[in-house]
Amino acid sequence: GNSVTQMEGPVTLSEEAFLTINCTYTATGYPSLFWYVQYPGEGLQLLLKATKADDKGSNKGFEATYRKETTSFHLEKGSVQVSDSAVYFCALSSIISGNTPLVFGKGTRLSVIA
Amino acid sequence: SAVISQKPSRDICQRGTSLTIQCQVDSQVTMMFWYRQQPGQSLTLIATANQGSEATYESGFVIDKFPISRPNLTFSTLTVSNMSPEDSSIYLCSVVAGHGYTFGSGTRLTVV
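Sequence lines, in order, name chains A and U.
Each residue of the first sequence is one higher than the one before, starting from 1 at the first, in our numbering.
Each residue of the second sequence is one higher than the one before, starting from 1001 at the first, in our numbering.
Chain A on its own, in the form it takes in the complex (with noise of 0.2 Å):
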């Protein structure tokens, strides 16, 4: 079945660090990747999606490229700020047809520090 994995955390980084969290995927067919936020006592958010192959998600200083070759989907940012501390999830969808759940990695909790 699909699945994700994602670096272990968490990361404690100082501020204006660049920041990279490892993400790769098992999945049938093409899917379509996503990153998720999820600050502290907040609800999830989108961050940025991708839906085929060497698409480059980007939002908010953060960008994710789709690797089909290694199964890939890292999120970087090259400075980041205390206000990027939360949870970052990595999760797939086989098709985004309606009927198909979103599938997501274990989440990486990252701390920036001033």
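A few of these clues could be false.
[Said to hold, decoys possible] Only pairs whose alpha carbons sit at most 20 Å apart, straight line, appear in this in silico SDA-like list of lysine to any residue:
id, chain 1, residue 1, chain 2, residue 2
1, A, Lys60, U, Ser1001
2, A, Lys56, U, His1099
3, A, Lys106, U, Gly1040
4, A, Lys52, U, His1099
5, A, Lys56, A, Tyr30
6, U, Lys1065, U, Thr1079
7, A, Lys106, U, Val1111
To be clear, the hints were calculated from the coordinates, so they are not data collected in a lab.
Start from chain A and add chain U according to the hints.
For chain U alone, coordinates are given in the frame of chain A:
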């Protein structure tokens, strides 16, 4: 994208009782998905709810414990029955609308 109103946002319940969580969507959707997020964990799919038929449950979740209703294309409820402290979690509903997935704000349940 769709907007989901989920209620209640949080509750503290006595063990042995039941809690019903509601999700109202501002547009018609085919499927609604219910997830559980245990403390410090990822989201686990409980079931998929289609209007007019019984929900489909994932392994480890049963209808007697988590009955779901889906009376129309904009509304669904999840009941957590005969609660125990192990049921303390955040429960979320989700739908596909437009080009992506939308989540309710979650129900933070504490069972004492």
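Results for each hint:
The hinted pair formed by Lys60 of chain A and Ser1001 of chain U meets the criterion: a straight-line CA distance of about 19 Å does not exceed 20 Å. Distance hint between Lys56 of chain A and His1099 of chain U is fulfilled; the C-alpha atoms sit about 16 Å from each other, no more than 20 Å. Proposed proximity of Lys106 of chain A and Gly1040 of chain U is supported: the alpha carbons are some 9 Å apart, at most 20 Å. Between Lys52 of chain A and His1099 of chain U the CA atoms are separated by roughly 13 Å; this keeps the pair inside 20 Å, and the hint holds.
Restraint check for Lys56 of chain A and Tyr30 of chain A: satisfied, since their Cα atoms lie roughly 15 Å apart, inside the 20 Å limit. Among the hinted pairs, Lys1065 of chain U with Thr1079 of chain U is consistent with the structure: their alpha-carbon atoms are about 8 Å apart, no more than 20 Å. With a CA separation close to 24 Å, the supplied pair Lys106 of chain A and Val1111 of chain U exceeds the 20 Å bound.
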